[in-house]
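Undergrad: Each chain, written out:
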Amino acid sequence: NAGVMQNPRHLVRRRGQEARLRCSPMKGHSHVYWYRQLPEEGLKFMVYLQKENIIDESGMPKERFSAEFPKEGPSILRIQQVVRGDSAAYFCASSPPTGKYEQYFGPGTRLTVT
Amino acid sequence: AQKVTQAQTEISVVEKEDVTLDCVYETRDTTYYLFWYKQPPSGELVFLIRRNSFDEQNEISGRYSWNFQKSTSSFNFTITASQVVDSAVYFCALSEETSGSRLTFGEGTQLTVNP
Chain A
8 NAGVMQNPRH LVRRRGQEAR LRCSPMKGHS HVYWYRQLPE EGLKFMVYLQ KENIIDESGM
68 PKERFSAEFP KEGPSILRIQ QVVRGDSAAY FCASSPPTGK YEQYFGPGTR LTVT
Chain B
-6 AQKVTQAQTE ISVVEKEDVT LDCVYETRDT TYYLFWYKQP PSGELVFLIR RNSFDEQNEI
54 SGRYSWNFQK STSSFNFTIT ASQVVDSAVY FCALSEETSG SRLTFGEGTQ LTVNP
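Listed in order, the protein sequences are those of chains A and B. If you read the first sequence in our numbering, its first letter stands for residue 8, the second for the next number, and so on. If you read the second sequence in our numbering, its first letter stands for residue -6, the second for the next number, and so on.
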């Protein structure tokens, strides 16, 4: 059973470009979470999604950030017009329908904005 | 509001020493879950343990043990006979039932085990 997959593992973008981070949950998992880890800091919750629904986006910055989890395909975290402060590791986690407190993390995507 | 505090930013020990990582949490919920994760230098997050608020039994897994005390809102993690491979950042996290399932992480403790 493959774990949570994230790609790309490393992403470099220039200021003003768009960044798209992908997360494929574990098989059978229908809940996806995104967290951000800024340099030298802990992880901060961003958004919680189920298929085709955003359940909790209380941690998402108000502008430039969006997330989706379509019926088919991976969850996508999109950052428009990236700035240097967006440089961080972005982690995705997934959980099964009946075990939302069991979150399994992917390896993360390290975004560098130059 | 939920909060997790890991007061120890960095700990350095010599191999074979025992080390305890502290975690103090704040929550108004009666139902909540506590977690420990390990983040080795490679960067991934490794799940170590989950406990719910109704289960105060301490747990031991090999060289790892956890001491959950609701009276002091603490969930401390002890590594016995530490090894160099234990060097990592360790995060304590909390999830409240009323806040959905999002995790609130502490700031992490960087553990360095020297040979």
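I should point out that these hints are in silico values taken from the structure, not numbers from a laboratory. Any given hint might turn out to be false.
With a straight-line Cα cutoff of 30 Å, these simulated DSBU-like cross-link-like pairs (lysine-lysine) come out [stated by the list, open to error]:
id, chain 1, residue 1, chain 2, residue 2
1, B, -4, A, 58
2, A, 78, A, 51
3, A, 51, B, -4
4, A, 51, B, 9
5, A, 34, A, 51
6, A, 51, B, 31
7, B, 63, A, 34
8, A, 58, B, 31
9, A, 69, A, 58
10, A, 78, A, 58
11, A, 69, B, -4
12, B, 31, B, 9
Coverage of chain B stretches by chain A, computed from C-beta distances (three or more under 8 Å per stretch; other residues unrestricted) [what the hints assert, rightly or not]:
id, segment
13, 47 to 56
14, 98 to 108
Pulled from the structure, derived: some chain B residues nowhere near chain A, Cβ distances all over 10 Å [stated by the list, open to error]:
id, residue
15, 6
16, 9
17, 10
18, 17
19, 43
20, 66
21, 71
22, 72
23, 73
24, 77
25, 88
This structure is a prediction, so every number in the text was calculated from the model and none was measured. Every residue gets a Cβ at the ideal spot worked out from N, C-alpha and C, and that includes glycine.
Undergrad: Compare the structure with each hint and give your call.
TA: To see whether the hints hold, each was checked on the structure:
For a cut-off of 30 Å, the pair hint linking residue -4 of chain B to residue 58 of chain A stands: about 29 Å separates their Cα positions. The straight-line distance between the Cα atoms of residue 78 of chain A and residue 51 of chain A is roughly 26 Å, inside the 30 Å bound, and the hint therefore holds. Of the supplied pair hints, the one linking residue 51 of chain A and residue -4 of chain B holds, its CA atoms being roughly 12 Å apart against a limit of 30 Å. Among the hinted pairs, residue 51 of chain A with residue 9 of chain B is inconsistent with the structure: their alpha-carbon atoms are about 33 Å apart, more than 30 Å.
Restraint check for residue 34 of chain A and residue 51 of chain A: the C-alpha separation of about 25 Å stays at or below 30 Å, so the hint holds. At roughly 16 Å between alpha-carbon atoms, residue 51 of chain A and residue 31 of chain B fall within 30 Å of each other, so this suggested pair holds. As the CA atoms of residue 63 of chain B and residue 34 of chain A are separated by approximately 35 Å, the hinted pair breaks the 30 Å bound. A threshold of 30 Å between alpha carbons decides the hint, and for residue 58 of chain A with residue 31 of chain B the separation of about 29 Å falls inside it, so the pair holds.
Our distance criterion of 30 Å between C-alpha atoms is met by residue 69 of chain A and residue 58 of chain A, whose separation comes to about 22 Å. Note on residue 78 of chain A and residue 58 of chain A: the hinted pairing holds, with a Cα-Cα distance of about 5 Å set against a maximum of 30 Å. Restraint check for residue 69 of chain A and residue -4 of chain B: satisfied, since their Cα atoms lie roughly 22 Å apart, inside the 30 Å limit. About 19 Å separates the Cα atoms of residue 31 of chain B and residue 9 of chain B, which keeps this hinted pair within 30 Å; it holds.
Restraint check on the segment 47 to 56 of chain B versus chain A: 0 residues with Cβ-Cβ distances below 8 Å, three needed, restraint violated. Using a Cβ-Cβ cut-off of 8 Å, 4 residues of the segment 98 to 108 of chain B lie near chain A, which meets the minimum of three, so the contact claim holds. Look at residue 6 of chain B: its CB is around 21 Å from the nearest CB on chain A, clear of 10 Å, so calling it non-interface holds up. Separation of residue 9 of chain B from chain A is adequate, the least Cβ-Cβ distance of about 29 Å exceeding the 10 Å criterion.
In this structure residue 10 of chain B is separated from chain A by more than 10 Å, as the shortest Cβ-Cβ distance comes to about 25 Å. The Cβ of residue 17 of chain B lies farther than 10 Å from every Cβ of chain A, with a closest approach of about 14 Å, so its non-interface assignment holds. The non-interface label for residue 43 of chain B is inconsistent with chain A: the shortest C-beta to C-beta separation is roughly 7 Å, within 10 Å. Every C-beta of chain A lies more than 10 Å from that of residue 66 of chain B, the closest at about 18 Å, which supports listing it as non-interface.
For residue 71 of chain B, the shortest C-beta to C-beta distance to chain A comes to about 21 Å, beyond the 10 Å cut-off, and the non-interface label holds. In this structure residue 72 of chain B is separated from chain A by more than 10 Å, as the shortest Cβ-Cβ distance comes to about 20 Å. No Cβ of chain A approaches the Cβ of residue 73 of chain B within 10 Å, the least distance being about 25 Å, so the stated non-interface status holds. For residue 77 of chain B, the non-interface assignment is confirmed: its Cβ lies about 22 Å from the closest Cβ of chain A, beyond the 10 Å cut-off.
The non-interface label for residue 88 of chain B is inconsistent with chain A: the shortest C-beta to C-beta separation is roughly 6 Å, within 10 Å.
The structure is inconsistent with the numbered hints 4, 7, 13, 19 and 25, although it conforms to all the rest.
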